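Asker: We have chain A; now place chains B and C onto it with these hints.
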Amino acid sequence: MEIDILKTLIFYGFAGVIIFFALYSIFAYRILYSLLAAVVVFFFTAGIYFLLGADYNAVIQIAIYVIAVPILFVLAIMFTSDKADKKTYLTLQPRFYFSFLAAGILFLALIYLIATSLSLDSNVAWLTSKQTIFINKYQMFNSIAEGFFSNYGYAFVLFSILLLVVVVGISTLNLIKERSDD
Amino acid sequence: MEFFIQNIHTVVLFPLWVFMLIIIGRFFNVIQSKKMTTILTLISTLYGLIFAIGAFLFIIRTPDYIFENSYSFLRIQDYVLNFGVYVDNLSVIMLLVVTTISFIVQLYSSNYMKDDKSFSRFFGYLNLFNFSMLGLVLSSNLFQTYVFWELVGVSSYLLIGFWYKKPSAQAASKKAFIMNRIGDCGLLAGTIVISYFMYQYSSLTNLATIPFVNINDIANYLYAYTTDFVFVIICILLLLGAFAKSAQFPLHTWLADAMEGPTPVSALIHSATMVAAGVYLVARLYPIFVLSDFVMHFIAIIGLITALICGYFAITQNDFKRILAYSTNSQLGLMFLALGAGAYAGGLFHLVVHAYLKSMLFLCSGIVIHSLLEQQDVRFMGGLRKHLPVTAICYLIGCVSISGLLFSGFFSKEMILGSLIEQKHYVYAVGFLLAAIMTVFYMFRSYFLVFEGKFKGENAPHKPSFVLNFSISVLAVFSIFIGFLVNHSFEKFVEIGGNTTQTNIFNPAFISISVSLMGLLLAWIFYNTKIKPIKIPILYQLSYNRFYIDNFYNFIAERIYYIICRVCYFVDKYFVDGVVKLSAFGVRGTSWVFSKMQTGNFQSYLAYSLIFLAFIFAGLMFAYTIIITWGLIGSY
Amino acid sequence: MIDIIDLIFNIGLYHYLFLALILFLIGFFGAIISKNILKVLISIEFMLTAVNINFIAFASFFDNIKLHGFVFSLFYIAVGAVEIAIALAIFYLMFGSKQSVNTEDYDELKG
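Protein chains in written order, with my numbering: chain A, 1 to 182; chain B, 1 to 636; chain C, 1 to 111.
Isolated chain A, as found in the complex (with noise of 0.2 Å):
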């Protein structure tokens, strides 16, 4: 059997940047910490998109998740921070235990779910084996421009609308906080 070990060790070093930076993107003491450890677990995801072969995604989410969402969040961080960032930690209380064991069990239970059906099936290699290889190099983009524009066409402009809409309702929102204001 062939091993790409480049690809392997990519893999896993992506997603153990991920993990980790992902983690300490909830325990992180201060809110800019944890949004910066967010950008970078959001870079490298785009890095896995790479790997599985959708490069305009991992540009587009790149372009998103990596610049725009950010520059959102730090506007919000920068109008509204407390200087005391200590009472806004994580929280102690039920929901924590809670949640944890309830997340650990749900993890449990679809490793459970999968490792049976892996055992099950006697064809393992198919799904674990290399994915395959696209036809030509454009083809990816040949899918992506038909999807927009036939079989998701009206998702398309209805998209297109809900940013309209929601361009709209902010800036109307705004109007209305700046009335209310005077």
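By construction, these hints were calculated from the structure, which means they are not laboratory data.
These numbers come from a predicted model, not from an experiment.
It is possible that some hints are incorrect.
Calculated pairs, DSS-like style, for lysine-lysine (alpha carbon to alpha carbon, straight line, at most 27 Å) [said to hold, decoys possible]:
1) K463(B) to K34(B)
2) K117(B) to K463(B)
3) K114(B) to K35(B)
4) K463(B) to K386(B)
5) K177(A) to K98(C)
6) K596(B) to K98(C)
7) K34(B) to K117(B)
8) K165(B) to K35(B)
9) K456(B) to K532(B)
10) K581(B) to K174(B)
11) K7(A) to K98(C)
12) K581(B) to K596(B)
13) K35(C) to K596(B)
14) K454(B) to K581(B)
15) K596(B) to K110(C)
16) K581(B) to K456(B)
17) K177(A) to K35(C)
18) K386(B) to K454(B)
Answerer: Relative to chain A, chains B and C alone:
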């Protein structure tokens, strides 16, 4: 004439309507006028009286006429409970008695109670009692009798405890009601057992509700289906009801205490009608009791015992109404004695006569008590003959009559005595004579103490009004002439089974009259002359304290029964209530848990959803593995 | 033994799914336990990216011709961004009256 019998159910419903009117009127403050209450009540009773007379005239002309009209109101497959009227000779006689005495007592109490502030309530209760008694007399089967039996007991409770602010009145009414309930248990048990036998064993399931139309058949069937012992037990159960209602030996203590109620109540209920309900029940169920000698002797012996001991008690009592109460008790005992010894007509005749006599005596006592400003002790009365002449004359007539010397009492007593001697129950006859002597003695004692002698008060007692005098005079007239009007025809009228033996009443007359005159002489000597009455200490104590039976019952109720009640209360409070409280606590606890879950914090809601999701997945996984393992096993 | 090596070193679909699962649970966990609202929003973003990884992994392994998963994940990224924008706008409005980023202060629905 037949119209009166066809619509006789209206006689029962009219007083009920007046009762509802009075009660609702008081509740909504609509009817407060005394005149309206009185007029309505009197009209309802007069209506009943007219119907009773009409029915009576009709029944006299057509012998062996029985009218029965029932509506079935409860149907369980083929067990059908009826509600209706049953009119035959006995019903009509009782109807006449009840309506006339009711009418006169209501007339009397419209004047007697006019200063009482709960006048309307009194008349409401009187109407309720009227309704119950008329329903009892006209009921068509034993279950309906039981319903009205209870109602009569309730009215008695309400009327005895009429002045409910007095603790002695509360206690007396409770005692009366509880003793009546003991009897009711027996009556209900007996009824149900008879009904069971009729339903299970005989193919005629319409007998299961014991209608009085078929009482002869029921008696024969019952005697055939049961062993002797069971039959006797059933009869004793039924008799328990009659004994409690008519205050016979073990359950007689409530009647004397029932004098706490106003005097018209005593006149109506505890002399003439309610206590006669027991005798009426025995008369109705006579075909059942006749079939067993033991039961007949049982009735007679209990009656005799009651007559003797109550007469014994009456000799030494000092409260005017109590003397009359024990006299009633004693006469009821004589009625039971007569019924038990086979003198059916005699017993019933004595019932009718005694009803008029006793109510008249009670009404006279009411007048006396009223004029002496609520003085009830006989030792402080005397010499009232000059001040209350009408009362004195009526009372004298009553005493003479009840002693069996003249007038109607003579005829009734002779009828009983004659039947007793004819049927060769000599022991009963001797007991009867003994009771007669005591009757004469204490009645005349009371007469001499109250009406003769010197007047012991300061001012003259105020004269009774015309209405009061009128009522007792009417009753006096009745009591004089009833004896003459109904003589042999009474026996023919009420005899069941065509057993028309005419008792010769003049042979034993000499014995009884001489015995009574002896008693009269004794009373005259002791109470009308200067000779002091002899007081034998032990006998006096026993009589005055009524054999300590009251104290004995009190002891049992307080010590023994009270402990049982405490145990039951404890069980009820902690176990039964505990279960209820536990369920309420469970509900409250669940709601507390759920309200704690509403934290208002969206993160906790997220946590709930995560937990839920985890459970769902775990469940799915579990189901998945089961399906897979079974699928694997199945595939092999 | 070889199976285990095979499992570990041959990256297949399941590895990506594992990664997505872990990231999802981390995001969910963070959403629940963070006291700061902005941290909650960040955690929600984690959940979104995990789902995205799932979509792309499935599309890449199974659907080589049409690549529906890629297209949909593009939409999903856009939706996620819009959602963050709206959430921050609402948060900003509510912050005006409350002046606090503590989630425990937003408890009007308590009871």
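Asker: Each of the hints needs a verdict: does it hold here or not?
Answerer: Evaluation of the provided hints:
| no. | hint | verdict |
| --- | --- | --- |
| 1 | K463(B) to K34(B) | holds (23 Å) |
| 2 | K117(B) to K463(B) | holds (22 Å) |
| 3 | K114(B) to K35(B) | holds (10 Å) |
| 4 | K463(B) to K386(B) | holds (11 Å) |
| 5 | K177(A) to K98(C) | holds (14 Å) |
| 6 | K596(B) to K98(C) | holds (24 Å) |
| 7 | K34(B) to K117(B) | holds (10 Å) |
| 8 | K165(B) to K35(B) | holds (26 Å) |
| 9 | K456(B) to K532(B) | holds (18 Å) |
| 10 | K581(B) to K174(B) | violated (32 Å) |
| 11 | K7(A) to K98(C) | violated (50 Å) |
| 12 | K581(B) to K596(B) | holds (22 Å) |
| 13 | K35(C) to K596(B) | holds (20 Å) |
| 14 | K454(B) to K581(B) | violated (70 Å) |
| 15 | K596(B) to K110(C) | holds (9 Å) |
| 16 | K581(B) to K456(B) | violated (66 Å) |
| 17 | K177(A) to K35(C) | holds (26 Å) |
| 18 | K386(B) to K454(B) | holds (10 Å) |
Checked against the numbered hints given earlier, this structure breaks hints 10, 11, 14 and 16; the rest are met.
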